[in-house]
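2 protein chains.
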Amino acid sequence: MAQNNEIPYKIYLEESEMPKAWYNVRADMKNKPAPLLNPGTLQPMTAEELSGVFCEELVKQELDNDTPFVEIPQEIRDFYKMYRPSPLVRAYCLEKQLGTPAKIYYKFEGNNTSGSHKLNSAIAQAYYAKNQGLKGVTTETGAGQWGTALSMACAYLGLDCKVYMVKVSYEQKPFRREVMRTYGAQVTPSPSETTEVGRRILAAHPGTTGSLGCAISEAVEDAVTHEGYRYVLGSVLNQVLLHQSVIGLETKIALDKYGIKPDMIIGCAGGGSNLGGLISPFMGEKLRGEADYDIVAVEPASCPSLTRGVYAYDFCDTGMVCPLAKMYTLGSNFIPAPNHAGGLRYHGMSSILSQLYHDGYMRAVSVPQTAVFEAAEQFARVEGILPAPESSHAIRVAIDEALKCKETGEEKTIVFGLTGTGYFDLVAYQKFHDGQMDDYIPTDDELKTYFAQLPKVE
Amino acid sequence: MAQNNEIPYKIYLEESEMPKAWYNVRADMKNKPAPLLNPGTLQPMTAEELSGVFCEELVKQELDNDTPFVEIPQEIRDFYKMYRPSPLVRAYCLEKQLGTPAKIYYKFEGNNTSGSHKLNSAIAQAYYAKNQGLKGVTTETGAGQWGTALSMACAYLGLDCKVYMVKVSYEQKPFRREVMRTYGAQVTPSPSETTEVGRRILAAHPGTTGSLGCAISEAVEDAVTHEGYRYVLGSVLNQVLLHQSVIGLETKIALDKYGIKPDMIIGCAGGGSNLGGLISPFMGEKLRGEADYDIVAVEPASCPSLTRGVYAYDFCDTGMVCPLAKMYTLGSNFIPAPNHAGGLRYHGMSSILSQLYHDGYMRAVSVPQTAVFEAAEQFARVEGILPAPESSHAIRVAIDEALKCKETGEEKTIVFGLTGTGYFDLVAYQKFHDGQMDDYIPTDDELKTYFAQLPKVE
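Protein chains in written order, with the numbering used here: chain A, 1 to 458; chain B, 1 to 458.
Okay, chain A solo, but in the shape it has when bound (with noise of 0.2 Å):
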C-alpha cells in the first residue's frame, strides 16, 4: 500500500481512466430487488406499461437485473467530461483537526453548476429521451439539485423541461428557480393548482409545505397527460443507481491506483441515489464474497425510513398514481417536518437497497439535524467547503468514526460521500447560526398512523 505522505491532497482521474461503463449491481443480488407492481392489478409492471412513463431504454435498464455493465454511450460520456471526474479528496485537515488515527476520505460530487452528483442520471435520461424522439421531460425535485441538474442536462441537448419543486424548498430557495430559469427550465412550486392531483393533496392538506411524493404525483400526470413527454426521477429507480454508479466506480479506480482499501463506506440517503451509486462496486465485492466493507447509509431523523420504517410495498407518491415498490418505507402519506435537507425528505428507499440492507448487506443511522449543521460548520472551516445539508449527514458520521478510532487507535480508512455544496441552502445555515433549528423527530404513534395506511400487498 502506497504511504500516506504519497498520496495527493485531490485525486483526479486521468480522463482516460474514467468508466467506459456503469456497473448494475443488481447482477451480483441473489435476492434481486422486488419489481414495481401495477397499482391496479397488483402485478408486476411490464415493459409496455412503464414505457407510457418512461423512456423505453430507460424501461429496458430499470428492469434488466442481470447484465453486470452497461456501456455508457458516447455523448454521455463527453458530458461528464465537463465536470468529471470529480476529486476523491483525503481529508488530511479534518484528521488533523480531530486528531485522530483515522484516514478519511470523500468523493466530492458537488463541483459542477447544479450543485452535486445528480447531474450524472439527469444527462442519461435526457440523453435516452433525445433520442428517442420527445419534446421533453417532467420532473419533480425537492432540495433543487435535482432540477437544475435535469434543467442543465436538458439545455444541453435542446429539451423542454419541467420542475415541480417541493413547496418547502421553493420557498427556502428563491434562488434555484433562477438557476433552472437560466438553464430555460419551467418550475412550478408543488403542490400547484396545476394538475389534478395538486388540486385533491391542497384540498385535502391546505398550507402543506409538500414533500416528493406530492410533486412526484404532479409531474408524472403532467407527463401522461402530454403528447411527447415522459417522467424522468432523480432517485429511487433502479435505472438512477445505476447511472449513479459512475459515482463509486471512479471511487474505487482512484483507490486501487493508490492501493488503499476502505473499511467504512458511509453515504446520504434520501431516495438511494448517492448512497447506491456510491457504493456499488464496493457492493458488488461483498456479495461476491471478494472483500468486506461496513457499509452505512446515515438518514435524518426526521425522516427516518431505513431505521424506523417498515419493508412493504407501498406507493413511490402521495398521490398514488404511480406503481408500488418494495422498500424500506414511512408510509406515502408521511410528510416529515421541513427540515433543511429537502434531498432527503423522502418517504420510501431504493428498491435495490431496501433489500441489501434487509438482507444485511449494510447498516443504517439517523441524525439529527442541528447535530448535523455542527458537523458541517466544522467540516466548512477546515476543509474549504460548504457541505450541503443533505452531504453533511454523512460527514456527521465520518466525524463520529474518526472520533471513536481516537478512542480506539484503530487507524480505519473512512470514505464518504460529499454530495454536493450549501450555496443555495444559506437560509438553513441562517437558522442554525440564530439557533432556530427545528429537531423534531416523529413519535412512535404518529408513523403508527402512517403504516396503517399501507396498501395491503400480500
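One or more of the hints may lead you astray.
Which copy is meant is left open, so a pair is good if it fits within one copy or across any two.
What the hints assert, rightly or not - Simulated pairs of lysine-lysine, DSBU-like, Cα-Cα distance not exceeding 35 Å:
#1 K20 / K326
#2 K326 / K257
#3 K406 / K81
#4 K406 / K130
#5 K261 / K130
#6 K96 / K261
#7 K81 / K412
#8 K135 / K96
#9 K261 / K81
#10 K257 / K135
#11 K257 / K404
#12 K60 / K96
#13 K135 / K431
#14 K20 / K456
#15 K60 / K404
#16 K20 / K261
#17 K135 / K406
#18 K412 / K60
#19 K96 / K406
#20 K130 / K96
#21 K257 / K10
#22 K456 / K130
#23 K81 / K404
#24 K135 / K20
#25 K261 / K135
#26 K404 / K130
#27 K431 / K261
#28 K404 / K135
Simulated from the structure, these hints should not be mistaken for laboratory data.
The hints should help you fit chain B onto chain A, whose structure is shown.
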C-alpha cells in the same frame, strides 16, 4: 504541437507540478510601476509607514520590484492543495456551438467555496498576518468574493476577520453574509456608522449604495485604530498580483504540457487581481522579448477605468485615508451605476497593469452589462458552469473574438480567465431574465467632473 483530440476537456496538474514560487512581473518591467505616495507629504511611502497598515512581510512584497520569484511558504502550498490546481478547461462545447475554428481555453478559478480566485491571495495575506502574531485583519468586499475568501482563510488559521461589504452587494447578496458568518467573520454594510470616514461619507451622500473605495476607507480606519489588526486588500496592490500569479503559472504549465501556445489572453479587470495574475508569466515572456501575446483587459462600460480614465496619481479609496497610487482612474469620488459585477466596481486599476497598459503591452475593451449577461447565459448552457458576472466580461470578449475567427477563418488559440461562479448573483440573473437590466454608461461630462477633483501631484 499536440493534436486537438489529445487534449482533454480539463487539464489538471499533478500536485508535484504545482508552482512552488510566485512570479513577480515587476522584475521584468523596464518601467517599474510608480510607487505609492504618502497622502500628506506626497513622497514615496516607506516600508515603515506602510507597516502601520500592512503586515511586514507583505510590505516587503509590495515594495520589491526586483525579485522575480518569491517562494510560496509550505503552509500556503498545503492550503492551495485543498482547492488547487484549478482546471484549465478546453471549451469544446462552446467552440462547437459557435462554429468557430478558434480554440478556446479557460482557467476556471470557481471550484472553491469563496467562488473565485480571491482565495489565492487571501490565504497568503492571512498567513503572513498570523505569522506576525496579529489578532486579526480587516478588509472590504465588493461582490463578496474577497470577503468570503478572507473569512475562509482566517477560519483555517484561527484569525479574527472583519469585513466591510459594499452596501449594494450586501443587499443584492443576502446569503454572502451567511457564508462569511459560517466562517466566523463579522460583516458590516458600507458605508456604515461604525467608522468616522463612514459617517462622513453617509452625511455627504445619504442613500449611497457604496463603493469599494468607501469600504476600503472604513476597513483601513478600523485596522489602524485597533491594536493587533492590519488591513488586507483583495486587489490593486502589487502583493496581490504576486500571489495571483499562481493562476497564470498553472495555466502556463498546463499549456506547455500539451505544447499549446496561446495567441490571445483575456481577463476581466476591476482592480486587476485576476487579470494581473493570469497574464503575469505570459507578460514576463513578452517583456523579455521571448514571445508575443495579444493581452486584453475587459472592463464594464459603467466603470471604464482603463478605456476612459486618466493615468494619474489618485487616492485608492473614497475617504482619501490611503496612500496615493499612480493608475488609470476615474477619480476616487467616482461611484459607478449599481451594476451587477460588484467586483469590477472600482474607480482605479493596479499600478502594475496601468504601467503595462500605458507602455502598450496590453489593450483594453469595455462591454455593456446586458451583453455580458447574454454571454453568461450562453456559456452556462453549453459549458455547464454558471459564471459570475465579473467573469462573464471575459466570456463576452472571448465569444466575440471567436466569432471574428469564424469570419476570417483564423484558428486562434484564446485563453480566458473564468474567475468565479454566479451562485450568489442570482438577483442579477433574475433582472436580466426579466428585462430589467440597466446599461447606464457615464457621460464624458460626468467623468470630467471627477477628473477635475484628482489630487494635484506633479
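Structure-based check of all given hints:
When the C-alpha separation of K20 and K326 is checked against a cutoff of 35 Å, the pair qualifies only within one copy, where the shortest distance is 31 Å, while the shortest distance between copies is 56 Å. Taking CA atoms no more than 35 Å apart as the test, K326 paired with K257 passes in neither setting, with 38 Å inside one copy and 53 Å between copies. Only between protomers do K406 and K81 lie at most 35 Å apart by alpha-carbon distance; the minimum there is 25 Å, versus 39 Å within a single protomer. Taking CA atoms no more than 35 Å apart as the test, K406 paired with K130 passes between copies only; the shortest distance there is 29 Å, against 51 Å inside one copy.
Taking identical chains as interchangeable, the C-alpha atoms of K261 and K130 are never at most 35 Å apart, the minima being 40 Å within one chain and 38 Å between chains. Taking the shortest Cα distances, K96 and K261 sit within 35 Å of each other inside one copy (21 Å), while across copies they are farther apart (41 Å). With identical chains, the CA atoms of K81 and K412 are at most 35 Å apart both within one copy (32 Å) and between copies (23 Å). Taking the shortest alpha-carbon separations for K135 and K96, only the inter-copy value of 23 Å comes in at or below 35 Å, while the best intra-copy value is 52 Å.
Taking CA atoms no more than 35 Å apart as the test, K261 paired with K81 passes in both settings, with 26 Å inside one copy and 23 Å between copies. Taking the closest pair of Cα atoms, K257 and K135 never come within 35 Å of each other, the shortest separation being 43 Å inside a single copy and 43 Å across copies. Taking the shortest alpha-carbon separations for K257 and K404, only the intra-copy value of 28 Å comes in at or below 35 Å, while the best inter-copy value is 45 Å. Proximity of K60 to K96 under the C-alpha cut-off of 35 Å is restricted to the inter-copy arrangement: shortest distance 32 Å between copies versus 47 Å within a copy.
Only between protomers do K135 and K431 lie at most 35 Å apart by alpha-carbon distance; the minimum there is 29 Å, versus 41 Å within a single protomer. With identical chains, the CA atoms of K20 and K456 are never at most 35 Å apart, being 42 Å at best within one copy and 67 Å at best between copies. For the homomeric pair K60 and K404, neither the shortest alpha-carbon distance inside one copy (44 Å) nor that between copies (46 Å) is at most 35 Å. In the homo-oligomer, the alpha carbons of K20 and K261 lie at most 35 Å apart both inside one protomer (23 Å) and across protomers (31 Å), since each shortest distance falls under that limit.
Taking the shortest alpha-carbon separations for K135 and K406, only the inter-copy value of 31 Å comes in at or below 35 Å, while the best intra-copy value is 55 Å. In this homomeric assembly, K412 and K60 never come within 35 Å of each other (Cα to Cα): the closest approach is 40 Å inside a single copy and 45 Å across copies. Taking CA atoms no more than 35 Å apart as the test, K96 paired with K406 passes inside one copy only; the shortest distance there is 11 Å, against 53 Å between copies. Proximity of K130 to K96 under the C-alpha cut-off of 35 Å is restricted to the inter-copy arrangement: shortest distance 19 Å between copies versus 48 Å within a copy.
With identical chains, the CA atoms of K257 and K10 are at most 35 Å apart both within one copy (13 Å) and between copies (20 Å). For the homomeric pair K456 and K130, neither the shortest alpha-carbon distance inside one copy (38 Å) nor that between copies (66 Å) is at most 35 Å. Within a single copy, K81 and K404 get their C-alpha atoms only as close as 38 Å, which misses the 35 Å cut-off; across copies the closest is 27 Å, which meets it. Proximity of K135 and K20 under a CA criterion of 35 Å is satisfied intra-copy only: 28 Å inside one chain copy versus 52 Å between copies.
Taking the shortest alpha-carbon separations for K261 and K135, neither the intra-copy value of 45 Å nor the inter-copy value of 43 Å comes in at or below 35 Å. Only between protomers do K404 and K130 lie at most 35 Å apart by alpha-carbon distance; the minimum there is 32 Å, versus 49 Å within a single protomer. For the identical chains of this complex, K431 and K261 are neighbours neither inside a copy (39 Å) nor across copies (50 Å), given an alpha-carbon limit of 35 Å. Taking CA atoms no more than 35 Å apart as the test, K404 paired with K135 passes between copies only; the shortest distance there is 34 Å, against 53 Å inside one copy.
Checked against the numbered hints listed earlier, the structure breaks hints 2, 5, 10, 14, 15, 18, 22, 25 and 27; every other hint is satisfied.
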